[in-house]
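As you go down the protein sequences, you meet chains G and H in turn.
Per my numbering, the first sequence starts with residue 71, numbered consecutively.
Per my numbering, the second sequence starts with residue 71, numbered consecutively.
Check each hint, because a few of them may be wrong.
[Unchecked claim] In silico SDA-like cross-links for lysine to any residue, where the CA-CA straight-line distance does not exceed 20 Å:
1) G:K188 - G:T175
2) H:K157 - H:Q129
3) G:K157 - H:K157
4) H:K248 - G:K188
5) G:K206 - H:L121
6) H:K138 - H:A99
It should be emphasised that the hints constitute simulated quantities derived from the structure, not laboratory data.
Just so it is clear, the structure is predicted and the values come from calculations on it, not from any experiment.
There are 2 protein chains.
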Amino acid sequence: MKSYTKRDFPVDNIRRFIEPGPIVLVSSAYKGEHNIMTMGWHMVMEFSPSLIGCYIWDQNHSFDMIRKSKECVINIPTVDIATTVVKIGNCSGRDVDKFAEFKLTPQKAQKVKAPLIKECYANLECKLIDSSLIKKYSLFVFEVVKAHAPVHPKYPKTIHYHGEGYFMVAGRTLNLRKFFKPEMLI
Amino acid sequence: MKSYTKRDFPVDNIRRFIEPGPIVLVSSAYKGEHNIMTMGWHMVMEFSPSLIGCYIWDQNHSFDMIRKSKECVINIPTVDIATTVVKIGNCSGRDVDKFAEFKLTPQKAQKVKAPLIKECYANLECKLIDSSLIKKYSLFVFEVVKAHAPVHPKYPKTIHYHGEGYFMVAGRTLNLRKFFKPEMLI
Numbered sequence: 071m072k073s074y075t076k077r078d079f080p081v082d083n084i085r086r087f088i089e090p091g092p093i094v095l096v097s098s099a100y101k102g103e104h105n106i107m108t109m110g111w112h113m114v115m116e117f118s119p120s121l122i123g124c125y126i127w128d129q130n131h132s133f134d135m136i137r138k139s140k141e142c143v144i145n146i147p148t149v150d151i152a153t154t155v156v157k158i159g160n161c162s163g164r165d166v167d168k169f170a171e172f173k174l175t176p177q178k179a180q181k182v183k184a185p186l187i188k189e190c191y192a193n194l195e196c197k198l199i200d201s202s203l204i205k206k207y208s209l210f211v212f213e214v215v216k217a218h219a220p221v222h223p224k225y226p227k228t229i230h231y232h233g234e235g236y237f238m239v240a241g242r243t244l245n246l247r248k249f250f251k252p253e254m255l256i
Numbered sequence: 071m072k073s074y075t076k077r078d079f080p081v082d083n084i085r086r087f088i089e090p091g092p093i094v095l096v097s098s099a100y101k102g103e104h105n106i107m108t109m110g111w112h113m114v115m116e117f118s119p120s121l122i123g124c125y126i127w128d129q130n131h132s133f134d135m136i137r138k139s140k141e142c143v144i145n146i147p148t149v150d151i152a153t154t155v156v157k158i159g160n161c162s163g164r165d166v167d168k169f170a171e172f173k174l175t176p177q178k179a180q181k182v183k184a185p186l187i188k189e190c191y192a193n194l195e196c197k198l199i200d201s202s203l204i205k206k207y208s209l210f211v212f213e214v215v216k217a218h219a220p221v222h223p224k225y226p227k228t229i230h231y232h233g234e235g236y237f238m239v240a241g242r243t244l245n246l247r248k249f250f251k252p253e254m255l256i
């Protein structure tokens, strides 16, 4: 499978990966077990500190693992592993070791116990900083505490869910810098 | 400018437009004034009822208009009006009537006072159903109470923000239905 040479990436800038709205893979670890889930409902909530809000359904096997470990890694997959992303979302960690089943490589993270997924374009190490909205909205508020991303390509071919089994693949890049006020170019 | 022939669209299915993560235009009305803002931080929070969470910065002119009127319309623009979307995000409703300035057509909504933007692909009429997270997170939780969208094209050329003045334009559509369990095809 494709792999990317990554460097440390400034956490305040990771909105670049989340704001366009890709499907992501969330990896977690708890009491010697690890798991992966596919997630489509998330948003940037702040860039410094770097906050991401995520909806995690309470029926997912990852729900309790993340709630109890208070950590996860948000991994950004690209179109080359699209079928794997779908298959991960269509089985449960209760039945399957997803790293083994889908031949994905767990890598040691620096600030959390959850593993990075080597085959993903970028990896965001996250700590749960607010669990008060989990009960009402299944909303986990994470702070990205460490990020890993390659220098090239700058704009990856992410996949974005339309529902009903259809995805949009990231298309061309449009430079509209000249229409921005300088102070808005963040 | 391009326009779309729209029909009523089931509100439980509007995640099709929001989940892929496009930049949206939020229109509002309060005390005889109307405004438009460009917004990139949002997420699906539930599909029935149809809930969308949105980050609205308290320095935006729209912030108080939406907080006080408890309503807005989330409009989905496409790449043909990309420069307009950026310009709307780089000026303030304090100084400019954005509908007039950018030659956009306000249309009467059915369930809210905020206007639809005719030139956008889809229009989601929203009511603020939870204001308790505004102070801490600038997070508005809206329920979509009425939606308007065309039958064609089914997958619009939305734009997705990468930061620094660059956007991703929605690319090709990928059909991965065969890898889904039937009950997951929503």
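List of violated hint numbers, smallest to largest:
3 and 4
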